[in-house]
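Starting from the structure of chain A, add chains B, C and D where the hints point.
4 protein chains.
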Amino acid sequence: MQNHDHRVIIQKLLDCALACEHCATACLHEEDVKMMANCISLDRDCADICVQGARLLQRDSVIAHQYLVLCEEICRLCAAECGKHQHDHCQECAKACIDCAEACHAHHEPITQD
Amino acid sequence: MQNHDHRVIIQKLLDCALACEHCATACLHEEDVKMMANCISLDRDCADICVQGARLLQRDSVIAHQYLVLCEEICRLCAAECGKHQHDHCQECAKACIDCAEACHAHHEPITQD
Amino acid sequence: MQNHDHRVIIQKLLDCALACEHCATACLHEEDVKMMANCISLDRDCADICVQGARLLQRDSVIAHQYLVLCEEICRLCAAECGKHQHDHCQECAKACIDCAEACHAHHEPITQD
Amino acid sequence: MQNHDHRVIIQKLLDCALACEHCATACLHEEDVKMMANCISLDRDCADICVQGARLLQRDSVIAHQYLVLCEEICRLCAAECGKHQHDHCQECAKACIDCAEACHAHHEPITQD
Chain A
386 MQNHDHRVII QKLLDCALAC EHCATACLHE EDVKMMANCI SLDRDCADIC
436 VQGARLLQRD SVIAHQYLVL CEEICRLCAA ECGKHQHDHC QECAKACIDC
486 AEACHAHHEP ITQD
Chain B
386 MQNHDHRVII QKLLDCALAC EHCATACLHE EDVKMMANCI SLDRDCADIC
436 VQGARLLQRD SVIAHQYLVL CEEICRLCAA ECGKHQHDHC QECAKACIDC
486 AEACHAHHEP ITQD
Chain C
386 MQNHDHRVII QKLLDCALAC EHCATACLHE EDVKMMANCI SLDRDCADIC
436 VQGARLLQRD SVIAHQYLVL CEEICRLCAA ECGKHQHDHC QECAKACIDC
486 AEACHAHHEP ITQD
Chain D
386 MQNHDHRVII QKLLDCALAC EHCATACLHE EDVKMMANCI SLDRDCADIC
436 VQGARLLQRD SVIAHQYLVL CEEICRLCAA ECGKHQHDHC QECAKACIDC
486 AEACHAHHEP ITQD
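Chains as they are written, first to last, in this note's numbering: chain A, 386 to 499; chain B, 386 to 499; chain C, 386 to 499; chain D, 386 to 499.
Looking at chain A on its own, in the form it has when it is part of the complex (with noise of 0.2 Å):
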């Protein structure tokens, strides 16, 4: 049951933070934790970020489209830090978080800032 306009998007925004989450629990079990402290991090915010981004299109929320913009720089961060690792679940998570990027970037509306 989702939102018919928002659905692949709402969609790329679940998988990314759901890949997030699988990938702090993995680093949190890997030989060398401290090497993955910085991806850890990134993964916990991306994955809360994400899933309110999924939240707020899908209740066509008045604020949703500058929130991907939100969503796109914790992705692209998130991207960089899991790309430097060799383990699977931080390739996936990557992978994930460079599909939600795009998504939101097609989506996003500009904020209004001062």
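No incorrect hints appear here.
Identical copies look the same in the list; a pair holds intra-copy or inter-copy alike.
With a straight-line cut-off of 30 Å between C-alpha atoms, the simulated DSSO-like cross-links for lysine-lysine are:
no., residue 1, residue 2
1, Lys419, Lys469
2, Lys469, Lys480
3, Lys419, Lys480
Rather than coming from a laboratory, the hints here were simulated on the basis of the structure.
Chains B, C and D in isolation, oriented as in the chain A frame:
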């Protein structure tokens, strides 16, 4: 990139949450909003709790299977209320809640209470 | 146990979120719920976004200060709507949103958009 | 602008969540991150669950008092792990978790399970 052991139930939890988000928004646009007030309240709780359940499962949390007891409970409450209304969004939400409640019931662990 | 550098703004974000939760519930119990539909929608978004903002600041997220741009925006939208209604819960919510928006404005960082 | 009946426990839930957010971040900066992996995992779950508990209470959710059973459980698990470590952030987090668990215990309602 989903947790392979829990892919089906995670999807049901997310589908339920999305149905609740959509139902709450649609209820707020109905002619008789007052009649939908309880439905909106339960949708709000059910969306929040089911999204969190999906994330806990995806991250292999030690508390995930206990958490599903709560997911089942709120899904049953939300389904009972949505099922009273003939709007498509309510009927679809009731169905998603029941599917999710059954999946949660099959996977949950008892909670120790005192 | 709050982040010492950001204690004041974190508290304002949480106070705003709590005011929005309370206002949404109280609106759902008003005689004329239909008139409050937009207020309920904005309360829902504002609560979600401000809680997330508080958590990102508390965890020293790299994206926290950009996120505050969105917090400010949703707070201003919610304050404008709540401010139209004379119910105590709306007036109190409008005040909490304005306080929070001002704190966010003082702390946020510009978001890079393209 | 808090729910007057539940002001104290809502504050304890939020204090606990903030302590967990801070502890997780500080753990990720420790020299021996590997030793802190379980602490980080529990902090993540405890922050999510306690924030949600505070919101459910504040909105007078029908499921709020059942939800506190889960809040108590995750707080006790998190306190037990944090309490093993001598870092200030762990000791402070353990204390916030115990305070919160006790408040939840005093307020919760039994969950019907079958």
